[in-house]
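From first to last, the protein sequence lines are chains A and B.
Under my numbering, the first residue of the first sequence is numbered 1, with each subsequent residue one higher.
Under my numbering, the first residue of the second sequence is numbered 1, with each subsequent residue one higher.
Warning: the hint list may mix true and false statements.
[What the hints assert, rightly or not] Just so you have them, the derived chain A footprint on chain B, three or more residues with Cβ under 8 Å:
no.	segment
1	126-140
2	159-169
3	192-200
[What the hints assert, rightly or not] Some residues of chain B that are not near chain A, with every Cβ distance over 10 Å (derived):
no.	residue
4	E114
5	L185
6	T266
Rather than coming from a laboratory, the hints here were simulated on the basis of the structure.
Yeah, the Cβ is synthetic: ideal placement off N, Cα and C, and Gly gets one too.
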Amino acid sequence: MNRTREPQIALPALSRRRFVTGVAAGAALLGMPAGANSAVPRANPTPQTLRGNQFDLHVNYQPVNFTGRERTAVATNGSVPGPILRWKEGETVTLNVTNHLAHDTSIHWHGIILPTGMDGVPGLSFNGIRPGETFTYQFELNQSGTYWYHSHSDFQEQQGHYGSIVIDPAEPDPVACDRDYVVILSDWSDESPHDIYAKLKKEGHYYNRRRRTAGDLWDEIRQKGVAQTWQDRKMWNEMRMSDRDISDVTGYTYTYLMNGQTPDGNWMAQFKRGEKVRLRFINGSAMSIFDIRIPGLKMTVVASDGQNIEPVTVDEFRIGVAETYDVVVEPVDDRAYTLFAQTIDRSGFARGTLTPHPELRAEVPAMDYAPVLTHRDMGMDHSGHNMGGMSGMDHSDHDMGNMGGMDHSDHDMGNMGGMDHSGHDMGSMGGMDHSGHDMGSMGGMDHSGHDMGSMGGMDHSGHDMSSMSGMDHSQHAGMQSGNAGQYSLHGGRPELGGMQGVWFTDGLVRAGHGSNSPIVHLPSEYRYGVDMRSEMPGNGLNDPGIGLRDHDTRYGRRVLTYADIRNLTPTIDRREPTRELQLHLTGNMHRYMWSMDGIKFNDAEPLMLKYGERIRITLVNDTMMTHPIHLHGMWSELETGDSEYIPRKHTIIVQPGSKISYLVTADAYGRWAYHCHLLYHMPGMFREVRVV
Amino acid sequence: MNRKTLLALTLAAPLAHAAEESHTQHTHSMQDDEHAAHQHMGHGYPAPQEASAPAAPNLRHAPNEPDHVMDHEVLLTKVTIDQLEARENDGGALEGSVWFGGDKHKAWFKTEVERAEGETEKAELQALYSRAIAPYWDLQMGVRHDFELESDSRNWGVLALNGLAPYFFEVDTSLFVGEDGDTALRLEAEYELLFTQQWILSPEIEVNFFGQNTPETHTGSGLSDVEAGLRLRYEFTPQFAPYIGVNYEKKFGNTADFARDDGEATSETTWVIGLHAWF
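The following block holds chain B by itself, in its conformation from the complex (with noise of 0.2 Å):
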């Protein structure tokens, strides 16, 4: 599957989960009010014509929006580009998410896909149940799938913690297992360190563990690997931001040996240049 195919895939329409929260929008009952009954003199004038609206951009209103101000509970939409980017050595990434929803339930959708050399080495796509369930973390329960190009794809439960860590670190830990009682952890946290208002550098660090050997994936137990990068932005606007940067990647342990094994390096640095957006 190709990368193009995947983004489709991930910007995939609206989950049942989040239509829960559609549904508690306040709706008084106004008949069983004598103060607001029928206060509508205008009875006299000619039937109520439809007026329409104007097609100007400030006046966006789209159908799902209530009229009463109070019971404004909207569900929304983000997609979030974190990472499109072109690597050296032919290599490229996006990584993403897209969620729906509203202030507790929420679908939500991420995505990894890592090419190098021109192939595509890593492309999976999560599809969670995400919750609030503290003023900074939601937790996340679905399923992983990984699209293998020289294997049989894979799947995964996924139970995963979301949120914004003390000291403002954008945190996502994910436990995984798979099919057939495997085991995969990993971390992910990010920082951004704002130079000005439209000049952010963001670390951002990934750590991966599995339980098991795996040859087919070319993963050993224990820690897997490490990928850190360093990418300087320029934020155009908050939702357009193009970036340079650079990513190092690491292998540890049984992975590391697989990797000898193929003839590959353990590590490697790549600049990378992309483009970070949401909408």
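Just chain A, with the same shape it has in the complex (with noise of 0.2 Å):
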């Protein structure tokens, strides 16, 4: 049952819609007539791997049948995801694109570091590819794992316009395996993505079929009595957000591809008893974020966005958009196994089976339970957040992400001296209540320095505050009196020009070991098109993120965090960073508009960065979706505590009402696009990088 604008008759016992499984590819291969009746399944072209350093491209329309409806997909080379591209390390490779299609196209190679002009991102490296036109592309790869490629032109990458890309090592791959496959994942509809995105501007939660109901309302009070609930429920109400919002797409329209298949095509990977196989996974989805899991293997992952990592073996990962993991299992039964990536928010999976014969398959799982949103994800929860944003204090080898499982429910703020409360008038921030508090639970720590007075260069006298209706700041008289010299709006190089966003250049903590800077919201985060900020963001780093908090107490699973990632090989840029850059990630959901600092693509200016200098980029989540957020050009190098170690990465997972930190060298000249890699958010949260 899919959506199209027809208004469509559904029975109520399908009310609370299954996302489309899909139609069994098989079917045509044993010899069922294709084509003539649009309900029969029909094989979808499956992707072949391409090897060598020269290849020929073709972009093109391709009828495809995920859902028993025939649709049209922009594929490449005539299959949904597009040839595996095999290359080497070391090479030069040749790429001649050729757009068979009515409008533009590009090909973004999604993680690899090369010259801007090849980059494919039209209007920043190149004019784009046009009807009938070849675009040349060529350059030498320095790198080696495992990546992708995607359109860069309007929303394609929806539609089908998407591949693998596996780059062998010139020296010999640390990862030794017997086996070794692609598994792509991706989100199919068979709507226009146009379509969807106008229905999103329209009406924000129009796929959220997971929307608070009276029942759930009724189930709350009975457990929490009315005014526990009442009080619960506050701050959602008064913020007019809702908890349930965690994916913008969902299931409701899409149905899940792994390399191509849907659930019920069932991609099918063989390996032999004893076996190493490596799995690659690569998330070409436009929207969907996936949980990944093997029930009854564990997954040794020893690759990140194409870097090899040190071995960490978990039960279950969490890939964002356009993330890349590498993991190695090694079955010791003769049997077979479900690769199982359920949707962020539950609403759909991809599944295929690593079996030893291709009629053995494994038990598909049920979905785990569906998240909700807390205050946490609202950046408004004390019990993660990081206090060492207040500069007075070094708290910057404090992990207080560790400090989930403590019960904070109770706070009573007694042992905590110094601190003056009294003058926050917090109530506007929606009901934050936190008159119960204790933090007489919080043990050794010492709070009693806290001097409101210090968080220095928080000037707010700019902000335009007529949109907040009520929120009082008048009380905050400490924060202003500080020194305001502590950062700067234009990257303290005023030769670089242009409003850029916060940038601090003093009292930075040392590579490796992430922000202390305070959060700072500009101006132009009090407009109409920014919902909420987060005032006390927590540190994105230690925690699973929403939905797999849990997982370890709850099934016994271990989650991979960004904290578990230390790169194989030691840092190659051992340098500290001389500026940080704070960049807000935000957005109004009700109008479905989506912006960096409150400001939208078409407003921004680029920021600059001088060749070579070396800065850290800290981003501010300020709403409650999950965004990976994508730098061309350039590594993103984690800072996950160990400066020895650092993790280097394209995509960055940016956690609802979280922040977390990396490191950039700016060593590419040009001009590199900088964006939420989720497709409908693209429009607004993106940014130019220019390195000059």
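Fit chain to chain and form the complex, with the hints in mind.
Below, the structure written as structure tokens:
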């Protein structure tokens, strides 16, 4: 059952629609007639593997059928996903890309370090590939690992224009394995992506079929009583937000694919007992974040975003849109295993089978419980927050993310001597009730030295508070009295010009250890396009993320977090960052607007970097969504607390109401895209980074 | 003017206000940028041929939609039929809106038509410029035209605040100023209570105040009338939802006196059946 523009009559029994698990492609292989009737399943062409250093790629329209309905995909060489490109480190590859579409197209080589002109972003790297034209990409490969490619034009990625890249290392691969499979995940809709986008703009919760009901409210009242329920709902009601907003686009329209196969199509990979199998997971979705596990098998994660990491064994991991993770599994039993990739909102899953015999199948597990957002995801919970931001204190080594297990439900701030909260009027932050806090349970923490006056650089004087309806900062005098020179809106480099967000140059934490700079919301965040601001963002490093936090205690599954990732080889650029950019991910769910620092791409100046400099970027997520942020052209070196083995990533998940920091060496001249990789966030949550 | 004409009017095409937004598309000056200079290397290939897109529903690509994903500021049109319903006693009502525009600027039309006992009692159309001023609020300005059947038509200036209040109340507050200095105030609020994802109960209230007595329109100064509705709809899709409900209207003060003088009831409760839809 699919959503089209025409109203459809559905039976009440189907009211909680199960997402389409697709058609079994195998049917056509068994000799059923294809094409005559659109309801008859027909095999979709499967991707080939192309090797070498010369490639002719053709972007074309391709009839596909993932749901029982004929649709037209934008394919590469006739398949969705496009062919797997197998390259070799050290070689120069040449790719002739011919556009057979009626619109412009492009290919961006995601995660590949290359010259800006080869990066494939229309408007930044080149003009795009016009209909009928061929564009030749040529670049040298100075890296190895698992990557992918996709269109950077229009919404073609949603229509099938993506594929996998595997670069074999020049040196012997540190990861030994007997079999090597690419597993690219994606989301398919029978709707036009333009229709999806328009529906989201008109009704932001259109695809959310898990909105709160009267029944949910009743259950809550029975459990907690009216007073507590009212208290718990208060913030959400006052902020006009839903704690069920996990994914913008869901299984209501999506069918999730694994290597182009629907769950019913069941992509299969073979192994022999005792073999080591390397699975290269790539999230090639437009909008879907997946949680991956293989019931019955431990997964040893050996690479992240193409880069080898110190092996870490887990039961489950989250893969943001555009991230890649390589895992090695060693099945010891002669049985089949299900590769299970459920979406973050549990509205559907992609699935495949790892099996010793083609006829052996494994059980497909039920999806886990669907998560709801908490105060913590709004950046206003005290339990996990990193107070390092208050510059007078040195909390840089505190890892407060580990405090997860503590119960802060009844805080009493009695021990917090010097911290004077009396003047705060936080009422307008939507029901933040700190009255019952008992911080006595924080044991050894001495907060007696808190002086909000030392929050130095926080200058709120320029804020346009008109839209904040009732937020009273008048008592925050201490914040304004500090030393206002601590951050600059101009990057501390006047010659680079332009308003580019908040830059810190003094008192930076040393490389590898993240940020302790105060959280600054720019005036541009107080406009109609921004519906919330994280006042106290949590630490996104140790947090497995919404819906996974209790999987360890609940199911005994070890879940990968970013804090587990250490690069296999030592950090290359050992310099300390000279500047720190604090950039806020912002949006308005109701209007379906996305931006950075409240400014949409259309209105934003480029972020200017000086060639050769090493900076820190701290992303603060002022929204309730999980955003995978991708910087083109340069590595994002994730600060996980170990400066010796900083992992290099190209896409970094920023969790709701959290912050995360990474280092960037500006070693590539030119104009680069920097954006949220959720396709329908890209129109606004996008910046040009210009290295001069 | 009958309802059909009104609807046609309401659906009438784009206004100029929002056009501003269409020009906000970021155009990079590619010529100036040496990094981007003429990377096309396909010159030896045959001249570009016009490939035509197959007419597949999932490839829909409107002419105003840009090919660069980061420039994707598109102008949209939303038509909302809030209520299109038949009421007891040969009555009926249409309440709907059309907006056209971008994130900040929109042209916004609202219409309300009410029929009772086979006659159109009220028919109005508002044409407004709408501007986003806060995360959940639009400020709207424009004109309202009342199509009067028994007397002359009237025009009003409109200043409205439309949006979502805390606790998810959809609110539309409008201040009207007539040509002759008459004033009127209308407060509307609506809530949605989900029984399931598809069964939705929607209570709604509208309160009208006038600054003066107007015998021709049978409206009196002060609190004039209250209309309260309770509608239970079933969303076959989020865009298509038939409903049943009950509508209660009561007149107050001088307006009630006008009604009594005419021998009309001052309050009425009617069952309704109708359609809620948008596209």
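Status of each hint after checking the structure:
1. Coverage of the segment 126-140 of chain B by chain A holds [criterion: at least 3 residues with CB-CB distance below 8 Å; count 6].
2. Coverage of a stretch by a chain is defined here by at least three residues with a beta carbon nearer than 8 Å to that chain's beta carbons; for the segment 159-169 of chain B and chain A the count is 5, and the condition holds.
3. Closer than 8 Å: that is the beta-carbon criterion, and the segment 192-200 of chain B has 6 residues meeting it against chain A, so the requirement of 3 holds.
4. With 10 Å as the threshold on Cβ separation, the claim that E114(B) sits away from chain A holds: the shortest Cβ distance comes to roughly 26 Å.
5. For L185(B), the requirement that its beta carbon stay farther than 10 Å from each beta carbon of chain A is met, with the minimum near 21 Å.
6. No Cβ of chain A comes within 10 Å of the Cβ of T266(B); the nearest lies about 34 Å off, and the non-interface call holds.
Against the hints set out earlier in the document, no violation occurs for any number.
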